[in-house]
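Engineer: Since the structure of chain A is provided, determine the placement of chain B on it from the hints.
Chains as they are written, first to last, in this note's numbering: chain A, 1 to 162; chain B, 163 to 303.
Simulated from the structure, these hints should not be mistaken for lab results. Fair warning: this is a prediction, and the values are worked out from it, not measured in the lab. A couple of the hints might just be wrong.
Unchecked claim - Straight-line Cα separation of at most 20 Å, EDC-like style, residue types lysine to aspartate or glutamate; simulated pairs:
no.: 1; chain 1: A; residue 1: Lys131; chain 2: A; residue 2: Glu120
no.: 2; chain 1: A; residue 1: Lys33; chain 2: A; residue 2: Glu49
no.: 3; chain 1: A; residue 1: Lys131; chain 2: B; residue 2: Glu281
no.: 4; chain 1: A; residue 1: Lys33; chain 2: B; residue 2: Asp261
no.: 5; chain 1: B; residue 1: Lys273; chain 2: B; residue 2: Asp191
no.: 6; chain 1: B; residue 1: Lys273; chain 2: A; residue 2: Glu150
no.: 7; chain 1: A; residue 1: Lys33; chain 2: B; residue 2: Asp191
no.: 8; chain 1: B; residue 1: Lys298; chain 2: A; residue 2: Glu5
no.: 9; chain 1: B; residue 1: Lys273; chain 2: B; residue 2: Asp261
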Amino acid sequence: MSRGEVRTVLRQMAAITALSVAVAALFHLPLIKRFARGEFRDAFFLAEEFPGVRMIGAMEAEDLWAGGLAVFLDARPAFLYRAGRVPGARNVPFEGGATEIADELLAALSGRTVVVYCEEEDCRTSLELAKLLHDRGLQDLRVLAGGWDEWRRAGLPEEGDR
Amino acid sequence: MIRNRLVLTLFQVALGGLFIYSGIIKVLDPLGFAQDVRDYRVVGQTLSFLAAVVLPWLEIFAGLFLASGLMKRAGAGIISALLVFFIALVAATMIRGLDVDCGCFGNLSRKAGLGLILEDAAMLYMALCVLLAPRKGPPVG
Chain A
1 MSRGEVRTVL RQMAAITALS VAVAALFHLP LIKRFARGEF RDAFFLAEEF
51 PGVRMIGAME AEDLWAGGLA VFLDARPAFL YRAGRVPGAR NVPFEGGATE
101 IADELLAALS GRTVVVYCEE EDCRTSLELA KLLHDRGLQD LRVLAGGWDE
151 WRRAGLPEEG DR
Chain B
163 MIRNRLVLTL FQVALGGLFI YSGIIKVLDP LGFAQDVRDY RVVGQTLSFL
213 AAVVLPWLEI FAGLFLASGL MKRAGAGIIS ALLVFFIALV AATMIRGLDV
263 DCGCFGNLSR KAGLGLILED AAMLYMALCV LLAPRKGPPV G
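Just chain A, with the same shape it has in the complex:
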């Protein structure tokens, strides 16, 4: 390619990029407005699709735990659960893409406030589990946004198998 051709291609690439940005901004304007208002900062999900699911921090989780007001579900693999967990939490190891929940578990959680957590802020299994439980009829699901990592960093009680 000659130097002139390279310049032309680069100009055209810039034009396509600008067009893409403009169309993206127009097409997703409602979503962008919601992001600007502070939504999706903890997790990328539409609250209206899962009205019973809410992200919470360690302080609210601690209040629920200390008052015995919620059932805690640990969505991490069993070996992490055994190493350390929120006292009294029940282990529900959750793989992304899973769609099955035991009837016995659903019955035990029915009508209760449920707090779900996974390893840390970047994990998404807790949210996926909460969405699945929501789809199965549970109404009050809270996801500990920073996960087990946040609980530990806050210096909150923990237990583990020796």
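Structural biologist: Chain B only, in chain A's frame:
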């Protein structure tokens, strides 16, 4: 590099179509794609969101201009740049030992791994063939 016009046209249509398809799937589920971007743990929540909003449209328009033949080199140039970026990203993900979905085709996405790098490399070759092909000369004789 391949110079056969018919093969290059096939590359244009196949690659362009694939990027249009991939972009449309992501446009339909921007938050799902944002989470896929976030899972790579390279950028934070805000940049993941912005990438999820803009990247799919860039794929669609680059694919459209490539497949249609209108500004095909520019389309091939953008797709080449995207593929180089994807290959580097997947390689870095493997080195870091992260287990993530590639986020390439929505629910049809696979794990980011060596197979994905080879596929991207094959597509990069096709895009570079179109990008670097000499322009049609004047008819001989």
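Engineer: Next, verify each hint and record whether it holds.
Structural biologist: Hint check:
no.: 1; hint: A:Lys131 x A:Glu120; in the structure: holds (18 Å)
no.: 2; hint: A:Lys33 x A:Glu49; in the structure: holds (18 Å)
no.: 3; hint: A:Lys131 x B:Glu281; in the structure: violated (33 Å)
no.: 4; hint: A:Lys33 x B:Asp261; in the structure: violated (32 Å)
no.: 5; hint: B:Lys273 x B:Asp191; in the structure: holds (19 Å)
no.: 6; hint: B:Lys273 x A:Glu150; in the structure: violated (28 Å)
no.: 7; hint: A:Lys33 x B:Asp191; in the structure: holds (17 Å)
no.: 8; hint: B:Lys298 x A:Glu5; in the structure: holds (13 Å)
no.: 9; hint: B:Lys273 x B:Asp261; in the structure: holds (7 Å)
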